[in-house]
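Sequence order for the protein chains is A and B.
Taking the numbering used here, the leading residue of the first sequence gets -1, the next gets one more, and so forth.
Taking the numbering used here, the leading residue of the second sequence gets -1, the next gets one more, and so forth.
It is worth saying that the hints were derived from the structure and are not from the lab.
Hints are supplied without guarantee of correctness; some may be wrong.
Since copy identity is lost for identical chains, a pair holds within one copy or between any two.
[Said to hold, decoys possible] Computed list of lysine-lysine pairs in BS3-like fashion (alpha-carbon distance at most 27 angstroms, straight line):
| no. | residue 1 | residue 2 |
| --- | --- | --- |
| 1 | K344 | K65 |
| 2 | K288 | K83 |
| 3 | K46 | K160 |
| 4 | K20 | K65 |
There are 2 protein chains.
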Amino acid sequence: MNSIFSDRITDVPKSFIREILKIAVDPSVISFAGGLPNRELFPVEEIKQAAIRVLEEYGREALQYSKTEGHQELREYLSQRYKDKHRLDLGVENILITNGSQQGLDLVGKILLNRTDDVVIEEPGYLGAIQAFSVYRATFNPVPVSEEGMDIGRLQTIMSAKSPKLIYAVPNFQNPSGISYSEANRQAVAELVRDSNTLLIEDDPYGDLRFEGVEKTSFKKLIPDNTVLLGSFSKTIVPSFRLGWIAAPDRIMEKLIIAKQAADLHTNNFAQCVIHRYITDNDFDRHISKIISVYGSQRNAMIESIRQYFPPGIGHTSPEGGMFLWVTLPEHVSSMKLFEKAIIDKVAFVPGHPFYIDRREVNTLRLNYSCVDEETINIGINRLGQAIREQLAE
Amino acid sequence: MNSIFSDRITDVPKSFIREILKIAVDPSVISFAGGLPNRELFPVEEIKQAAIRVLEEYGREALQYSKTEGHQELREYLSQRYKDKHRLDLGVENILITNGSQQGLDLVGKILLNRTDDVVIEEPGYLGAIQAFSVYRATFNPVPVSEEGMDIGRLQTIMSAKSPKLIYAVPNFQNPSGISYSEANRQAVAELVRDSNTLLIEDDPYGDLRFEGVEKTSFKKLIPDNTVLLGSFSKTIVPSFRLGWIAAPDRIMEKLIIAKQAADLHTNNFAQCVIHRYITDNDFDRHISKIISVYGSQRNAMIESIRQYFPPGIGHTSPEGGMFLWVTLPEHVSSMKLFEKAIIDKVAFVPGHPFYIDRREVNTLRLNYSCVDEETINIGINRLGQAIREQLAE
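Using the sequences and the hints, build the whole thing.
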């Protein structure tokens, strides 16, 4: 009976992380496994006031069918904000509102990928992107990322051998590793892509959440004609609204709008109006700085606890922003086996293997620090350190 | 440069109706061209109260990431409502919340259609479905619909020659024609589909909006294992929330959830909570009966005006519900030419050709009566009658 399905859907990997999260739901488990923003920071009261104002002032319009491209004022706001904050010139007509960045990935895949087209992905990389492009039966070409950014030698080899259709990059505080591309690395990647037919997807859900260091140049600035920039309010305001956007060159935008219309006509217009009202009536940057302050302190607490409780020889990244930190165990130490031990000790994380293509055993793991307070981080990392020591002693 | 795009996106037709609607936006034009629900009937105040309650009672949860399948209480409500109102047994686990029915079409197409797979569509039929399935490069097999329903002879021929993957049907108050399938016609269609590998998509956005006649048996009741039922709150509460659902057999549901996750993780959870709150705190059926009363009166006004002002020899459907009515001009009279004449006389409609595959000139047209009050309908149909007389005299 399976033969009734399309070839494309049989290729899509299930989310291993969803399975992990089911285990981690036990309240006695300290979980670093999630990927959620901290709900204590949601501006609930401000959202309520914004919703009331929208409904009282232009409720009927906000509740009616609307434009496929998105709420005009919200697109104008985004265009202006890129100019003011990032010296980036993005036309209002080059911004399409989507159901979160995930839909951006789906739409870009849909309009660009034929079966077996080559796509460059980061390794380790974001599982949601792999899922989205799997639907269109892409051939994945992993390029390792380090604290510097993409492995330029490897990228160069792929670019000359295959001229890939897409490169998928999360240059700021990457999920899962927390790394950011250096300025030199961005220049080198841009050099390889410029004047090619390859399109680079710059996925930037965490860019606003910088605790330290200085902002780096966006690919959209370096190679505007070859870059599709994805943004999102999920990490800076609220995730449940599913509000993201794509900024793309004209030729891409035209097809994206057709694909968006066929996919769901348009994104929830009421949600767009409420977010626009929220941003207009409140100090958005002050709200973001609150998130930064909390996540930054929690990152510091996690790094201090790691130094205190982990045995020597364990590597970790030191993210300048975002929500995740990446741990590298000694070679040949399985993070999946560690997970099984750790869960008994009531601490959870995501083993590294789902972030690679076709790997079953790796010595890496992802820790999330956005949802756990400093004291609990200390206790949890202590438990995890114990579990690592036990495993190393075996 | 066009070569960078996927084959699938080049096949998708643009929406001609969007172009028409741009012309009809002139406020001196009486427009029967739209396909929108009447915004005067939106329960704005009740939605506001529901939004406030959700945010005050469980705001942080409603604003967080959520389950791909949808808000549990909303799915339970739908399952119960189908049982109570339609004697239909749909398990909660067989209901997936989508971004309107349009996303339901996209997801079903995505998990089922390989290139050139045969799809049966109604003729005339809903353009949004044609768009959604075009993305997956289906081969369309139009089957004429009349006041009885589908042309059974034609369907039988296609079923035996091609065993199509999908049949797309809007059996209640179809868009564009307003027709409904008779009980006998449903039985005959079901007989052809039962025990085949064909899946029937029963798209039912208007089913609740019945002015007269009695409810007919759902395909989901007749052939449950072969039916995917699509529903929506767009026509009964508000469209901008983009809230619809798919009810599907287990084997289909499993793949739909994977596809939904890859497409956008989940539907706006806040919107789902607000609609559930609205339905729980208010008399939903009373609200629906208000819509029925207004649309029913407007349909009556339109039919009376047609009888009064149209010359003899013009056919029209008499919908028992929904938002649309279908006019058939004498043979060889072009509705597109009539449109050009009518727009000068300040009245607009949608010519019939976009509702057919590959037709440029037809003698049919769609009239919408949901958004125009009775007096304006009288004036508009008078103008349209004049335009028809002038065209017939040429």
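Hints, verified against the model:
Taking identical chains as interchangeable, the C-alpha atoms of K344 and K65 lie at most 27 angstroms apart only when they sit on different chains, with a minimum of 24 angstroms there against 48 angstroms within one chain. Taking identical chains as interchangeable, the C-alpha atoms of K288 and K83 lie at most 27 angstroms apart only when both belong to the same chain, with a minimum of 18 angstroms there against 49 angstroms between chains. Taking the shortest alpha-carbon separations for K46 and K160, neither the intra-copy value of 51 angstroms nor the inter-copy value of 54 angstroms comes in at or below 27 angstroms. Proximity of K20 to K65 under the C-alpha cut-off of 27 angstroms is restricted to the inter-copy arrangement: shortest distance 12 angstroms between copies versus 38 angstroms within a copy.
When each numbered hint is compared with the structure, a violation occurs for hint 3 only.
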